[in-house]
Amino acid sequence: MTLQRMDNVGIVVEDLDAAVAFFTELGMEVEGRAQMEGLFADQAVGLDGVRSDIAMMRTLDGHGKLELAQYHAPAAIRDGSHNPPPNTLGMHRVMFAVDDIDDTIARLRSHGAEPIGEVAQYKDIYRLCYLRGPSGIILALAEQIG
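Per full-length UniProt numbering, the sequence shown starts with residue 1, numbered consecutively.
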């Protein structure tokens, strides 16, 4: 038995429509939206009384996917820090390759994105930056320059 693929990365958000708009601006597209509730959702997630809305986002090449979920019940839980720093244990960052990092940052700022540091250049190969998006999500952007 072998692993077939990595299917998607799931991210819980406070405002699903705002997160969809943010990732659409980044260049992803909505593959589908659904409401998840009932016994199946409870069993799969391991919580009782699950009621959530999800949006599956995909990159234009169809290989990368994000599942954005807004929980209505039980309510989403904050771990104490809405904006954890990039060195926090656990999964908290998603990286995207972009054609123009400056243009991407400018477009995402209109959706509330804020750079965490600054755009840094790694040799003559990449320009990289971290920024914070909806619900405190950390995005890394990489522009290949060489």
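These aren't lab readings, by the way, just hints derived from the structure by calculation.
It cannot be assumed that every hint is accurate.
Computed beta-carbon distance windows for the label pairs [as the list claims (entries may be wrong)]:
#1 Q144 with G46: 31 to 41 angstroms
#2 E114 with G46: 25 to 35 angstroms
#3 M1 with A73: 16 to 26 angstroms
#4 N83 with R33: 38 to 48 angstroms
Below, simulated SDA-like cross-link-like pairs (lysine to any residue); rule was C-alpha separation at most 25 angstroms, straight line [unchecked claim]:
#5 K65 with A21
#6 K123 with H111
#7 K65 with D102
#8 K123 with I77
#9 K65 with D17
#10 K65 with D103
#11 K123 with G112
#12 K123 with S110
#13 K65 with Q4
#14 K123 with G146
#15 K123 with P84
#16 K123 with I54
#17 K65 with E114
#18 K65 with K123
#19 K65 with M1
For clarity, every value in this text was computed on a predicted model and none was experimentally measured.
Using N, Cα and C, we set each Cβ at its ideal position, and we do this for glycine too.
Evaluated hints:
| no. | hint | result |
| --- | --- | --- |
| 1 | Q144 with G46: 31 to 41 angstroms | holds (40 angstroms) |
| 2 | E114 with G46: 25 to 35 angstroms | holds (33 angstroms) |
| 3 | M1 with A73: 16 to 26 angstroms | violated (36 angstroms) |
| 4 | N83 with R33: 38 to 48 angstroms | violated (27 angstroms) |
| 5 | K65 with A21 | holds (15 angstroms) |
| 6 | K123 with H111 | violated (30 angstroms) |
| 7 | K65 with D102 | holds (23 angstroms) |
| 8 | K123 with I77 | violated (40 angstroms) |
| 9 | K65 with D17 | holds (17 angstroms) |
| 10 | K65 with D103 | holds (22 angstroms) |
| 11 | K123 with G112 | violated (30 angstroms) |
| 12 | K123 with S110 | violated (30 angstroms) |
| 13 | K65 with Q4 | holds (15 angstroms) |
| 14 | K123 with G146 | holds (9 angstroms) |
| 15 | K123 with P84 | violated (28 angstroms) |
| 16 | K123 with I54 | violated (40 angstroms) |
| 17 | K65 with E114 | holds (23 angstroms) |
| 18 | K65 with K123 | violated (30 angstroms) |
| 19 | K65 with M1 | holds (23 angstroms) |
In summary, the structure is inconsistent with hints 3, 4, 6, 8, 11, 12, 15, 16, 18 from the numbered list given earlier, while agreeing with the others.
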